[in-house]
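Engineer: Sequence:
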Amino acid sequence: MIAFSISIAHMTVLTRKELRSNAIYRLMIGICALDMVSQLLGFIAFSPFWIREVKPGEECYVTTTYQDAMINKYGVGLLDDTQRSSTWLGMLMAFYRVLAVMFPLSPVIGKLSRPIVVPIVVLMVLVINGLVSMAAMWNHEIKRQGKDYSCDGTQHILPESEERYLTTVPSDRKDLHNKITLVYGIIKALPSLIEPILAVMLIYQLHKASKRRKLLSKSEKSDHTTKLILFVTVSSFLLEVPNGFSHFSYSYFQNSALIRTIAYLIMCFAEIFPVVNSSSHLFVCFFMSAQYRDTVKTMLGISNNKVVFVEECKTQVTTKTASKSF
Numbered sequence: 001m002i003a004f005s006i007s008i009a010h011m012t013v014l015t016r017k018e019l020r021s022n023a024i025y026r027l028m029i030g031i032c033a034l035d036m037v038s039q040l041l042g043f044i045a046f047s048p049f050w051i052r053e054v055k056p057g058e059e060c061y062v063t064t065t066y067q068d069a070m071i072n073k074y075g076v077g078l079l080d081d082t083q084r085s086s087t088w089l090g091m092l093m094a095f096y097r098v099l100a101v102m103f104p105l106s107p108v109i110g111k112l113s114r115p116i117v118v119p120i121v122v123l124m125v126l127v128i129n130g131l132v133s134m135a136a137m138w139n140h141e142i143k144r145q146g147k148d149y150s151c152d153g154t155q156h157i158l159p160e161s162e163e164r165y166l167t168t169v170p171s172d173r174k175d176l177h178n179k180i181t182l183v184y185g186i187i188k189a190l191p192s193l194i195e196p197i198l199a200v201m202l203i204y205q206l207h208k209a210s211k212r213r214k215l216l217s218k219s220e221k222s223d224h225t226t227k228l229i230l231f232v233t234v235s236s237f238l239l240e241v242p243n244g245f246s247h248f249s250y251s252y253f254q255n256s257a258l259i260r261t262i263a264y265l266i267m268c269f270a271e272i273f274p275v276v277n278s279s280s281h282l283f284v285c286f287f288m289s290a291q292y293r294d295t296v297k298t299m300l301g302i303s304n305n306k307v308v309f310v311e312e313c314k315t316q317v318t319t320k321t322a323s324k325s326f
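Sequential numbering of the sequence shown, starting at 1, is according to full-length UniProt numbering.
Source of the hints: derived by calculation from the structure; they are not laboratory data.
None of the hints are false.
Derived pair list, reagent style BS3-like, types lysine-lysine, alpha-carbon separation capped at 30 Å: (1) Lys111 with Lys17; (2) Lys143 with Lys179; (3) Lys174 with Lys143; (4) Lys147 with Lys73; (5) Lys73 with Lys179; (6) Lys208 with Lys111; (7) Lys174 with Lys73; (8) Lys17 with Lys297; (9) Lys111 with Lys211; (10) Lys147 with Lys174; (11) Lys143 with Lys73.
Remember, predicted model here, so these are calculated numbers, not experimental data.
Let the hints inform the model, and build the full structure from the sequences given.
Structural biologist: Here's what the structure looks like:
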């Protein structure tokens, strides 16, 4: 919930008029909104035992209540959709920046900068990634279980009155599910593999543009934007590449228990990356964006007065007098 509080503060700054007029910051509003939904869903799906319905003696059960089974099937799928959509928006932000530097006078850039474009892009990304998540979760079924394990490793039969469930993939669908998960892992890692290419292109185009303009202030502003894009690139790489390839490895290496175990552990460990990544956006924007920093100062009532040095310029006027002889 600490990360959610940080995201609320970040969203409060991004939605100010000074920032939301910029297409880059509008995309960041979409990223922040998806991060907030992901943080709430992550808290619900992976909450500690004191939030779940856990009775004494059930601490080591592999089965869950029906409510938790529904969360595992649909809540985790929606969580995956919002996390991946946030990464795709980061990639599109880098792509837009590359186009804006390469073709600054193009009318297409002007059309892409319209306020209506970003909500449409966010909706399209959510729908496309939602279809991918649905395909990955489609083969899962919630089945009632009659047995479970105690903490000492012994298996026992559950009472008839105790309803426990497990989300599993039927044996006749496992081959199809493994193929879908393999493709799903590639799609999950794809944006993070494209972003480094976009970052290199952006640096190259900014270098060319600074040579053409020969304006130090323009170059400095672009450098800060480049650092911001590079941070999004690196964080997205750490966010999705390990998780994506762990899904790929888990499905591809069917006969290797060691690789599948390592891949599963990476999947579990990688769930912390989105929280750390989204929590850092506020601080990165504050230190790398002068416009963001000035907006925060204005909200806090801190003066942004700038000192302007004025030098007096004296003009000497010479009057010539002509004399006439009579």
